[in-house]
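Protein chains: 2
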Amino acid sequence: MEKLKVIKIGGNVIDNPSALEDFLRDFATISDAKILVHGGGAIASRTLEKMGIEPKMIEGRRITDADTLQVVTAVYAGLINKTIVATLQKYGCNAAGLSGADCNAIVSRKRAATPVDYGFVGDVETVNPGAFDLFLSSGITAVVCAINHDGHGQLLNTNADTVAAAIAAAMSGSYDTELVLCFEKEGVLMDKDNDKSVIPTIDKALFERLKREGRVSAGMLPKLKNAFDAIDAGVERVIIKSSGKLTLESGTTIQ
Amino acid sequence: MEKLKVIKIGGNVIDNPSALEDFLRDFATISDAKILVHGGGAIASRTLEKMGIEPKMIEGRRITDADTLQVVTAVYAGLINKTIVATLQKYGCNAAGLSGADCNAIVSRKRAATPVDYGFVGDVETVNPGAFDLFLSSGITAVVCAINHDGHGQLLNTNADTVAAAIAAAMSGSYDTELVLCFEKEGVLMDKDNDKSVIPTIDKALFERLKREGRVSAGMLPKLKNAFDAIDAGVERVIIKSSGKLTLESGTTIQ
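So the protein lines, in turn, are chains Y and U. Taking this note's numbering, the leading residue of the first sequence gets 11, the next gets one more, and so forth. Taking this note's numbering, the leading residue of the second sequence gets 11, the next gets one more, and so forth.
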């Protein structure tokens with residue numbers, strides 16, 4: 011099977027123009043078939059603030075009301091997505107920006123309003139591999155933002171890690187698929203205060219042990235859970251690594 | 011040759027959610043191959059205002075400085091484009107939103123800074139028919155916003171009428187192409203105050219006569235000029251009509 015890399019970057023890269031530029035220059039050199047999934051970053055929050063839209067939070071999590079959905083759709087699917095696509099074109103990587111609505115690529119379901127009504131937040135229901143094959147078969151890199159639709163005209167804001175994992179899982183039937191989750195640290199650390207303590211590989215047994223020993227931080231737990239879900243769904247391997255070392259052997263491999 | 015309709019809607023439809031919904035429901039029923047090009051509307055201006063970005067105007071025309079480009083990219087390529095795409099999906103029309111950067115579909119050149127520096131405004135240089143064929147050959151309707159790129163990483167704001175005409179011209183080599191420019195009036199009017207005075211067809215001779223007689227309004231002149239440029243470039247016919255009567259025989263045919 012042909013190799014496919016599904017690579018996800020988060021807000022820490024997007025908020026830093028020179029880190030984003032460096033990352034995209036590296037990304038463009040990857041010769042395998044590839045898909046880029048990007049998160050949001052602080053631009054959306056700053057824009058909401060400038061527009062005087064007060065953030066509504068419940069238990070530390072943002073509620074996506076109608077005004078907020080408009081702003082995140084604009085910022086994620088418009089500003090960030092097109093900035094990335096234009097930069098990739100500059101580096102010779104033919105790219106196409108997608109939301110889940112485009113080519114009906116990803117259908118989400120609005121999260122139930124109980125116990126907490128998060129507003130226009132979606133959970134991925136279906137990934138349409140044909141939508142991604144259309145681009146892959148033409149040598150075009152899909153650049154995916156985490157805005158999806160429900161198929162009935164409603165856009166929904168979705169978690170970018172989950173979107174990346176769902177795409178990787180859906181493509182694993184026809185590609186040897188690797189999911190790469192880039193973030194600000196060097197990998198999964200044995201000691202969270204020591205950047206040199208990267209755990210090279212984690213299998214399920216080690217994951218259970220790390221959890222028992224309380225070595226998995228609250229932020230890392232959903233990332234690892236997501237990674238093992240992807241493995242269970244057929245993804246060959248998941249790599250958690252620094253966005254600054256995309257093309258270097260580095261980070262933590264989950265398999 | 012297969013028929014292709016390139017249809018352009020402007021701000022008057024986009025600013026009116028129920029008119030936009032009606033238009034898109036009609037648009038989805040068109041069985042010919044089709045491409046939709048959309049303008050901006052007042053949302054971008056309102057957003058700039060809310061964000062406290064003061065409009066810079068020279069001789070009544072907006073200057074697209076760096077902040078303004080960010081906002082129009084967000085609003086046109088993100089909010090408006092994805093709202094249209096999700097609505098078309100609801101009506102069973104598989105659609106994909108595009109800026110000129112996506113699939114390298116449209117390359118523009120930044121307008122010269124003299125005599126007036128309009129900022130990040132582009133004029134269409136190249137339309138890549140292969141980018142549109144990719145979607146047409148899969149039965150997917152491209153939904154195009156008027157944000158392009160220069161191929162060197164710079165996004166540029168471009169006139170949507172010109173984008174529509176340039177796409178129609180580029181596709182006319184391989185399709186029997188009709189360009190439909192939708193706007194708020196019934197067509198080109200003989201008497202601008204009488205909506206019933208629609209001129210059914212205009213050829214070059216009549217256009218010259220109308221200009222001589224001063225019957226072409228300042229707003230209509232560039233639209234007609236654009237239409238005849240498209241005809242000269244190989245487009246079969248151009249129709250200028252009301253966005254409310256998309257699927258009805260109506261408006262003014264230019265050929």
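Check each hint, because a few of them may be wrong.
Given that identical chains are not distinguished, each listed pair holds provided it fits within a single copy or across any two copies.
As the list claims (entries may be wrong) - Taking lysine-lysine and the DSS-like style, the derived pairs with C-alpha atoms no more than 30 Å apart in a straight line are:
#, residue 1, residue 2
1, 13, 255
2, 120, 60
3, 214, 100
4, 202, 60
5, 235, 100
6, 66, 13
7, 60, 206
8, 221, 100
9, 120, 255
10, 100, 255
11, 221, 66
12, 202, 120
13, 13, 120
14, 202, 100
15, 206, 100
16, 60, 235
17, 120, 100
18, 202, 13
19, 13, 60
Worth flagging that the hints you see were computed from the coordinates, not collected in a lab.
Going down the list of hints, with the structure as the test:
In this assembly of identical chains, residue 13 and residue 255 lie within 30 Å of each other by CA distance solely inside one copy; the values are 20 Å within and 49 Å between copies. In this assembly of identical chains, residue 120 and residue 60 lie within 30 Å of each other by CA distance both inside one copy and across copies; the values are 27 Å within and 29 Å between. Taking the shortest alpha-carbon separations for residue 214 and residue 100, neither the intra-copy value of 41 Å nor the inter-copy value of 41 Å comes in at or below 30 Å. For the homomeric pair residue 202 and residue 60, neither the shortest alpha-carbon distance inside one copy (35 Å) nor that between copies (42 Å) is at most 30 Å.
Proximity of residue 235 and residue 100 under a CA criterion of 30 Å is satisfied in neither setting, with 36 Å inside one chain copy and 33 Å between copies. For the homomeric pair residue 66 and residue 13, neither the shortest alpha-carbon distance inside one copy (42 Å) nor that between copies (50 Å) is at most 30 Å. For a Cα distance limit of 30 Å, the shortest separation of residue 60 from residue 206 qualifies neither inside one copy, at 39 Å, nor across copies, at 46 Å. In the homo-oligomer, the alpha carbons of residue 221 and residue 100 never lie at most 30 Å apart, since the shortest distance is 44 Å inside one protomer and 44 Å across protomers.
Neither within a single protomer nor between protomers do residue 120 and residue 255 lie at most 30 Å apart by alpha-carbon distance, with minima of 35 Å and 34 Å respectively. Within a single copy, residue 100 and residue 255 get their C-alpha atoms as close as 21 Å, which meets the 30 Å cut-off; across copies the closest is 41 Å, which misses it. In this assembly of identical chains, residue 221 and residue 66 lie within 30 Å of each other by CA distance neither inside one copy nor across copies; the values are 32 Å within and 57 Å between. Proximity of residue 202 and residue 120 under a CA criterion of 30 Å is satisfied in neither setting, with 35 Å inside one chain copy and 48 Å between copies.
Neither within a single protomer nor between protomers do residue 13 and residue 120 lie at most 30 Å apart by alpha-carbon distance, with minima of 33 Å and 38 Å respectively. Taking the shortest Cα distances, residue 202 and residue 100 never come within 30 Å of each other, neither inside one copy (37 Å) nor across copies (46 Å). Taking the shortest alpha-carbon separations for residue 206 and residue 100, neither the intra-copy value of 34 Å nor the inter-copy value of 50 Å comes in at or below 30 Å. Taking the closest pair of Cα atoms, residue 60 and residue 235 never come within 30 Å of each other, the shortest separation being 36 Å inside a single copy and 40 Å across copies.
For a Cα distance limit of 30 Å, the shortest separation of residue 120 from residue 100 across copies, 15 Å, qualifies, whereas the shortest one inside one copy, 37 Å, does not. In this assembly of identical chains, residue 202 and residue 13 lie within 30 Å of each other by CA distance neither inside one copy nor across copies; the values are 32 Å within and 61 Å between. When the C-alpha separation of residue 13 and residue 60 is checked against a cutoff of 30 Å, the pair qualifies neither within a copy, at 43 Å, nor between copies, at 46 Å.
Of the numbered hints listed earlier, those contradicted by the structure are 3, 4, 5, 6, 7, 8, 9, 11, 12, 13, 14, 15, 16, 18 and 19.
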